[in-house]
Amino acid sequence: MTTSTATRKSRVAWIAATPALLGLLAVFVYPVLDGVRISLSHWSGVGPLDWAGLDNYTALLDDADFRHSILITVAYSAGVSIGVVALACALAAPISRGVRGSGFYRVVWFLPSVVPTAAAGLFWSTAFQPGYGAVNSVLGFLGFGDQHAWLVTPETAIPVIIVVAIWANLGFAFLIVLGAMEQVPISVYEAAGIDGAGPIRQFFSMTLPNIRPVLILTLMLEAIWTANDFSVVWAMTNGGPGSSTATLPVLIYKEAFSFTDYGTAGAMAVLSGAVLLLLGLVGLRLSRGKEQ
Amino acid sequence: MISRSLKFISGLCALGLVTAGCSGSDSDPDKTLTVQFSQGQEAVYQAYAQNFEKANPGVKVNLQAIATATSTGSNLTVITSDNAPDVALVPGNSPAYTSLVSQGGLRDLSAVWTASDLDKRYPEATNALTEFDGKHYAIADSTSYYSVVYYNVDLFQKAGITAPADHRITSVQQLADMATALRAQKIQPLAVGGKSGWEISWMLDALLPTATTPEQMTNYLQSWRAGTDVTAKYTDPGFAGALNQIKALGDAKVFQEGYLGADNLQTDAQFQQGQTGMRLEGSWFAAMIKEANPNLKFGWMLLPPVDPAGKTQLTGSATPQFSIPTKAKNPELAEKYLNFMLSDEQQVEAGLKVGGYLPAVNTVADTALASLDENVQQMIADSKTTGLQSGWTSTVPSTLGQALVDPQIQALLAGDTDAAAIQAKVQAALETTRTK
Numbered sequence: 001m002t003t004s005t006a007t008r009k010s011r012v013a014w015i016a017a018t019p020a021l022l023g024l025l026a027v028f029v030y031p032v033l034d035g036v037r038i039s040l041s042h043w044s045g046v047g048p049l050d051w052a053g054l055d056n057y058t059a060l061l062d063d064a065d066f067r068h069s070i071l072i073t074v075a076y077s078a079g080v081s082i083g084v085v086a087l088a089c090a091l092a093a094p095i096s097r098g099v100r101g102s103g104f105y106r107v108v109w110f111l112p113s114v115v116p117t118a119a120a121g122l123f124w125s126t127a128f129q130p131g132y133g134a135v136n137s138v139l140g141f142l143g144f145g146d147q148h149a150w151l152v153t154p155e156t157a158i159p160v161i162i163v164v165a166i167w168a169n170l171g172f173a174f175l176i177v178l179g180a181m182e183q184v185p186i187s188v189y190e191a192a193g194i195d196g197a198g199p200i201r202q203f204f205s206m207t208l209p210n211i212r213p214v215l216i217l218t219l220m221l222e223a224i225w226t227a228n229d230f231s232v233v234w235a236m237t238n239g240g241p242g243s244s245t246a247t248l249p250v251l252i253y254k255e256a257f258s259f260t261d262y263g264t265a266g267a268m269a270v271l272s273g274a275v276l277l278l279l280g281l282v283g284l285r286l287s288r289g290k291e292q
Numbered sequence: 001m002i003s004r005s006l007k008f009i010s011g012l013c014a015l016g017l018v019t020a021g022c023s024g025s026d027s028d029p030d031k032t033l034t035v036q037f038s039q040g041q042e043a044v045y046q047a048y049a050q051n052f053e054k055a056n057p058g059v060k061v062n063l064q065a066i067a068t069a070t071s072t073g074s075n076l077t078v079i080t081s082d083n084a085p086d087v088a089l090v091p092g093n094s095p096a097y098t099s100l101v102s103q104g105g106l107r108d109l110s111a112v113w114t115a116s117d118l119d120k121r122y123p124e125a126t127n128a129l130t131e132f133d134g135k136h137y138a139i140a141d142s143t144s145y146y147s148v149v150y151y152n153v154d155l156f157q158k159a160g161i162t163a164p165a166d167h168r169i170t171s172v173q174q175l176a177d178m179a180t181a182l183r184a185q186k187i188q189p190l191a192v193g194g195k196s197g198w199e200i201s202w203m204l205d206a207l208l209p210t211a212t213t214p215e216q217m218t219n220y221l222q223s224w225r226a227g228t229d230v231t232a233k234y235t236d237p238g239f240a241g242a243l244n245q246i247k248a249l250g251d252a253k254v255f256q257e258g259y260l261g262a263d264n265l266q267t268d269a270q271f272q273q274g275q276t277g278m279r280l281e282g283s284w285f286a287a288m289i290k291e292a293n294p295n296l297k298f299g300w301m302l303l304p305p306v307d308p309a310g311k312t313q314l315t316g317s318a319t320p321q322f323s324i325p326t327k328a329k330n331p332e333l334a335e336k337y338l339n340f341m342l343s344d345e346q347q348v349e350a351g352l353k354v355g356g357y358l359p360a361v362n363t364v365a366d367t368a369l370a371s372l373d374e375n376v377q378q379m380i381a382d383s384k385t386t387g388l389q390s391g392w393t394s395t396v397p398s399t400l401g402q403a404l405v406d407p408q409i410q411a412l413l414a415g416d417t418d419a420a421a422i423q424a425k426v427q428a429a430l431e432t433t434r435t436k
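Protein chains in written order, with the UniProt record's numbering: chain A, 1 to 292; chain B, 1 to 436.
Derived from the structure by calculation, the hints contain no laboratory data. Ideal placement from N, C-alpha and C gives every residue a C-beta, glycine not left out. Please note that the accuracy of each hint is not assured.
[Stated by the list, open to error] Here are the in silico distance ranges between beta carbons for each label pair: (1) B:231 - A:155: 38 to 48 Å; (2) A:20 - B:40: 41 to 51 Å; (3) A:278 - B:427: 33 to 43 Å; (4) B:236 - A:285: 50 to 60 Å; (5) B:274 - A:145: 15 to 25 Å; (6) A:123 - B:186: 24 to 34 Å.
With these hints in hand, go ahead and build the complete structure from the sequences.
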């Protein structure tokens, strides 16, 4: 290829990419920069911004609610992402091996993903109410009592919210993991079978190592999505009692819309966005590294 | 000949265009009034809108339902945009209201005050609530009593409980005894929607005046304004007394199981279906019970006072919530709409008859109130003899009041904080509010 041909091709590529780049600037770069600008100011949502420098960021260092929220968000994100991927693997493995009724299970395990998250949160928050909630009714029927107040202390509320979020998010991870498992050549299992490995050994020694890049990517994506999730936590507990179950998105929402302190909310959003961006890059690096 | 015909046809077309332009004024966008209202109150505000359209032929009222959370937050951007509604929903105790007024986002409603004679027709407390720097920027369209303990007459009878004849529970122990008697019958006692937050802090509104002197209480209601001296601090024993009484109610197990995770609408439904013995609600709830379960017999009581020697008063609020944005396209028509809402006739026809709302103005004839539920009529009579207290969270900006203390009181009841820590936070917020 001559130099002039390469230059021409490069120019065409830039021209072709320009609309997309402009779109990216408009819908991603500009809002992010504007968010950073708000985080560096005091603003009540109306009128001009009042420049604050790093005040909002330094104030967050002393904010106990913010520190608590980070812990809650990490626990929630880790619990949901690990739970979703583990359960997706457990459900996808037999289906990928063609268990009887696998066509039916493919649909069933994906169904919760069709339900709007807010609706799922509302349904489950009712289900966990003492007395009349479906979960407590079942427990009562089994002789374990029906007056368990699951959502009133963080010790019980957070695990319950994690379970509900796993239920709501499972479908997508299930499809991705199933797709990866079905790409593992059947000859790998046949060879392992000849060597005497049973289905469980095959799963841990053959299936999981072969789909590791997909698992890491799914895990990272689920972690990021969950850390950004607002609707399940809001529908289940509103972040309460107090701020005991307030993840960062819930805390940011309250700061912006209950207290109209957009500067502090912006600083929280920028910090959490930076951490999640880092997490995403690590995930990409890990999944690519193994592929290479 | 052809030329004359063409001229005639051209003239006819021009006339047609002019006529079309004129006749088009009936559907002119200027004749469409966009009015926001609080989600869940559709029936009342549809009634106001329909009555206004009937009284003003050619005007179309376009109603927009706004959720509570939205009205104090993201609705700000709508109100200040070029697509601002003509009548906006801005709760007067929200930081959004303060921000909008201080940034010139709302119109001065002096013309409405004059036309509707609100200086005289509003109670003094309502006029004070709506005043900001000597002007008024929002109207209240109804009054309500809240932090009222409704009880199910049949369930009380079944549990052998006699409700106090004067509607006053005298002590935490008396309320705890009622709860114990109901639980013995496998009935949940006092239902509150703790997840929603605001119902929890309603109790503070009811109890604070019973823990303070009238002078202290007045100062608590006004000291957030920079021009008022602070004579009552939130770190004083009175505020602690009210908070500790709420904690004592929680410790005495007067609330239903799992109340901190309970949604207010679900909790309403439980009482309406006869599943709970008591329900903490407002005067509007009487009409809701009648609609949901016409056969339910119910009465009302007030929470026990902090100072046993004191006599609890009903807690009242006429929260201003309707404003006209500076960018409203039809401000004159919007003013006409607000005046219409505040007329005695519409206060009765839409507010009272449709929603069971108590009038915001004091010129509605007593005979019109006869259509209210008998419990609400008793409350009105009670407020006239015993007096009415203004709710603290309904009065002070929510960054000092409701938005701040709701989660704090939840945490107090959950055992995650104590009264002293809440007092310190509220006092710090007072100082911040005054400097703003």
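Exercise. Between residue 231 of chain B and residue 155 of chain A, does the beta-carbon spacing fit 38 to 48 Å?
Worked result: 42 Å, holds
Exercise. Cβ-Cβ distance between residue 274 of chain B and residue 145 of chain A: within 15 to 25 Å?
Worked result: 22 Å, holds
For this session: May I ask you to test the hint 33 to 43 Å on the CB atoms belonging to residue 278 of chain A and residue 427 of chain B?
Result: For residue 278 of chain A and residue 427 of chain B the Cβ distance comes to about 39 Å; the hint holds.
Problem set entry | Consistency of beta-carbon spacing, residue 285 of chain A to residue 236 of chain B, with hint 50 to 60 Å | 58 Å, holds
Exercise. Holds or violated: 41 to 51 Å for the Cβ distance of residue 20 of chain A and residue 40 of chain B?
Worked result: 44 Å, holds
Problem set entry | Whether the CB-CB distance between residue 123 of chain A and residue 186 of chain B falls inside 24 to 34 Å | 26 Å Cβ-Cβ, so the 24 to 34 Å window holds.
Checked against the numbered hints above, the structure breaks none of them.
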